Every structure is written in C-alpha cells, then in structure tokens.
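Participant: Numbering-wise (the numbering used here), the sequence shown opens with residue 1 and increments by one.
It cannot be assumed that every hint is accurate.
To be verified - Below, a list of computed lysine-lysine pairs in the DSS-like style, where the Cα atoms sit at most 27 angstroms apart: (1) Lys126 to Lys106; (2) Lys70 to Lys52; (3) Lys126 to Lys52; (4) Lys85 to Lys106; (5) Lys70 to Lys106.
Claimed, not checked - Here are the computed distance ranges between Cβ atoms for each label pair: (6) Leu151 to Ser65: 23 to 33 angstroms; (7) Lys52 to Lys85: 19 to 29 angstroms; (8) Phe26 to Leu145: 33 to 43 angstroms; (9) Asp68 to Pro90: 30 to 40 angstroms; (10) Phe150 to Arg77: 32 to 42 angstroms; (11) Thr78 to Phe150: 21 to 31 angstroms; (12) Cys86 to Ile17: 30 to 40 angstroms; (13) Phe150 to Ile47: 39 to 49 angstroms; (14) Pro19 to Asn103: 28 to 38 angstroms; (15) Leu145 to Gly44: 27 to 37 angstroms.
Simulated from the structure, these hints should not be mistaken for lab results. Predicted model only: the values in this text are computed from it and were never measured. For glycine and all other residues, C-beta sits at the position ideal for the given N, C-alpha and C.
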Amino acid sequence: MKTQLGSVELSIVWAPIFPISYIFPFFGHVGVTTSDGTIHDFSGSHIVNENKMRFGPPVKYVELSINDSKAWDSIIRTTDEEFCKCKHRPWNNCHHYACKVLNSYKYKGQEWSVMQILGLLIREGKYISYSGMLKIYSFLGAFLLIFIIFLILG
1 MKTQLGSVEL SIVWAPIFPI SYIFPFFGHV GVTTSDGTIH DFSGSHIVNE
51 NKMRFGPPVK YVELSINDSK AWDSIIRTTD EEFCKCKHRP WNNCHHYACK
101 VLNSYKYKGQ EWSVMQILGL LIREGKYISY SGMLKIYSFL GAFLLIFIIF
151 LILG
C-alpha cells in the first residue's frame with residue numbers, strides 16, 4: 001500500500017502541528033507504520049486514522065528495528081482497537097499511543113515514555129524530504145529576519 005511517505009515501513013512518523021511546531025520544532029504529532037507502510041495515529045477521542053494523519057502528512061520518521069513484522073502489525077491492530085475506545089486527553093494522546101505500541105512489542109527491551117519517543121525523534125529522526133525540513137524551519141528563519149529588521153530600525 002502506498003502511504004503519504006512513499007514507502008517507509010516499521011517506523012515512527014512525525015508531523016508538525018501548526019503553529020506550535022513552528023515555534024517549538026520538537027513538538028508535533030506522531031504515528032506508527034505497519035510492515036506495508038500504512039500509517040496509524042491516534043488523532044482524537046475514539047479515532048485512530050489509517051494513512052491520514054490528523055495534522056497532515058508526516059515530515060520526519062525513525063526507522064525501527066522490528067524482527068517480527070507480523071507481531072508488530074498485530075500489536076498495532078490491537079492498540080488501534082483499544083484506543084478507539086479512549087478519549088484523547090493530554091495524558092492519553094498520540095505519543096501515548098506510540099508508547100503503547102512500542103511497549104507491547106517490548107521494543108529494545110525497555111519501557112517507552114513520551115519523553116523517550118521525543119528523544120528518539122530528535123536523535124534519530126530523518127526528514128522525508130528537504131521541503132519537509134523547510135516546512136518546519138522556514139518560520140524560524142522568517143521570525144529571525146523580522147527580529148533583525150526590528151533591531152536595525154530600532
């Protein structure tokens with residue numbers, strides 16, 4: 001199946017949330033992909049999307065080392081069913097959905113938290129395209145330019 005990414009399988013994906021991500025580039029919306037590249041994300045109360053992230057196409061991803069893709073896909077389906085019964089709240093959101101998938105798979109033999117997923121995206125995340133990177137950092141460049149103009153005109 002073709003995804004918004006093209007073909008990134010077995011990954012965590014990240015999309016910006018306007019305007020928060022433009023001010024704080026590390027904040028955003030996350031999902032996970034199955035072995036065929038289908039994106040799954042918990043996007044609201046009782047809603048888990050497939051191949052349509054709530055805040056638009058992902059711009060960043062982290063490839064995961066998944067040895068058993070059938071188990072991974074099954075865990076995603078089970079987590080989808082569980083989160084379709086949940087309300088979306090600050091303490092139960094897309095990041096918690098991704099944590100649940102990683103923890104159920106026992107990825108890297110550790111317990112995953114929201115902060116660890118954030119760290120993973122910062123350390124190992126790759127931009128899907130150059131335009132994806134510009135989408136995030138162009139706002140900061142424009143803000144910096146306006147700030148410099150105000151300093152000069154004082």
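Participant: Decide, hint by hint, whether the structure agrees.
Facilitator: These are the hints, each one checked on the structure:
1. Lys126 to Lys106: Roughly 23 angstroms separates the two Cα atoms, so the pair holds.
2. Lys70 to Lys52: holds (22 angstroms)
3. Lys126 to Lys52: Status holds; Cα separation ~20 angstroms.
4. Lys85 to Lys106: holds (23 angstroms)
5. Lys70 to Lys106: Judged against 27 angstroms, a Cα distance of about 14 angstroms means the pair holds.
6. Leu151 to Ser65: 23 to 33 angstroms: violated (47 angstroms)
7. Lys52 to Lys85: 19 to 29 angstroms: The hint (19 to 29 angstroms, Cβ to Cβ) holds, given that Lys52 and Lys85 are roughly 20 angstroms apart.
8. Phe26 to Leu145: 33 to 43 angstroms: 22 angstroms Cβ-Cβ, so the 33 to 43 angstroms window is violated.
9. Asp68 to Pro90: 30 to 40 angstroms: Holds, at about 32 angstroms.
10. Phe150 to Arg77: 32 to 42 angstroms: violated (52 angstroms)
11. Thr78 to Phe150: 21 to 31 angstroms: Since the Cβ atoms of Thr78 and Phe150 sit about 53 angstroms apart, the hinted range of 21 to 31 angstroms is violated.
12. Cys86 to Ile17: 30 to 40 angstroms: About 20 angstroms separates the Cβ atoms of Cys86 and Ile17, which means 30 to 40 angstroms is violated.
13. Phe150 to Ile47: 39 to 49 angstroms: For Ile47 against Phe150, whose Cβ atoms are near 42 angstroms apart, the range 39 to 49 angstroms holds.
14. Pro19 to Asn103: 28 to 38 angstroms: holds (31 angstroms)
15. Leu145 to Gly44: 27 to 37 angstroms: holds (36 angstroms)
Violated hints for the displayed structure, listed by number in ascending order: 6, 8, 10, 11, 12.
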